[in-house]
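Q: One-letter residues, chain by chain:
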Amino acid sequence: MDDKVSLIVFSGDMDKVMASFIIATGAAAMGSQVNMFFTFWGISAIKKETIYAKKGIMERMLTFMLPKDINKLPLSKMNMGGMGSWMMKKLMKKKRVASLQELLEMAQDLEVNFIVCQMSMDVMGIDKSELIDGVNVGGVASFLGEAQESKISMFV
Amino acid sequence: MKGDKVLDCKGLACPMPIVKLSKGIKEVNSGQVLEVVADDPAFIPDVKAWCAKMGHGLVGTNEAGGVYTAFIKRS
Chain Y
1 MDDKVSLIVF
11 SGDMDKVMAS
21 FIIATGAAAM
31 GSQVNMFFTF
41 WGISAIKKET
51 IYAKKGIMER
61 MLTFMLPKDI
71 NKLPLSKMNM
81 GGMGSWMMKK
91 LMKKKRVASL
101 QELLEMAQDL
111 EVNFIVCQMS
121 MDVMGIDKSE
131 LIDGVNVGGV
141 ASFLGEAQES
151 KISMFV
Chain A
1 MKGDKVLDCK
11 GLACPMPIVK
21 LSKGIKEVNS
31 GQVLEVVADD
41 PAFIPDVKAW
51 CAKMGHGLVG
61 TNEAGGVYTA
71 FIKRS
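Residue numbers (the working numbering), protein chains in the order written: chain Y, 1 to 156; chain A, 1 to 75.
Some hints here could point you the wrong way.
Derived lysine-lysine pairs resembling BS3-like cross-links, with alpha carbons at most 30 Å apart [what the hints assert, rightly or not]:
#1 A:K26 to A:K10
#2 Y:K68 to A:K48
#3 A:K5 to A:K26
#4 Y:K4 to Y:K55
#5 Y:K72 to Y:K89
#6 A:K26 to Y:K93
#7 Y:K151 to A:K5
#8 Y:K151 to A:K53
#9 A:K20 to A:K5
#10 A:K73 to A:K26
#11 A:K20 to A:K73
#12 Y:K89 to A:K73
#13 A:K2 to A:K53
#14 A:K2 to Y:K16
#15 A:K20 to Y:K90
#16 A:K73 to A:K2
#17 Y:K93 to A:K23
#18 Y:K4 to A:K2
Everything labelled a hint here was simulated from the structure, so no lab data went into it.
All figures in this text were calculated on a predicted structure; none of them were measured in a lab.
Turn these sequences into a full structure, and let the hints steer you where they fit.
A: Below, the structure is given as structure tokens:
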């Protein structure tokens, strides 16, 4: 088995995405090759912009309701209309914990491989141009192919 | 004990000290000692796990007034 770690980031919750990035950067720092497979709500974590053009009415509604980027993710608990995530960010800054944006950049710097689920993008009407650069598009086989070679696989 | 090079990770929380360490170790030669200073209370157990995984030698650790120091010999 290769020294690989594979994560499925299904959740788009701030706290769960944070845990995913901490594990990913930690594993990369411990010499593992890390794959992060972003699917469903997790895709919000790798968005850089929102585009409404060429989208149908339901896709536009979904686009409007989804977080715009990694800094806008809600907490899984006690979000309270955004007040919870605002407080959490304040606390993280005070305790000098890296922000999600910093963790994302660190993961890129450590050459963590980002894969985005094509099917979820299709369903949710997300275009690749809305995502950060350097993301590979793939399907379930792409993830499983990596997971089979990984010592650690996680679903977050 | 003194390291050949000092890496300051004070003020950083998990996982940043380990991330910085993974880059910092490349700045000393094989056989040289990197001295890492941090104030994250999880640093010592983390640095032990990191050294075991990466195959570098943990030559010594100490704690004084909430500041943790690890001496790592690059393999």
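Q: Which of the listed hints are broken here?
A: 2, 4, 7, 12, 14 and 18
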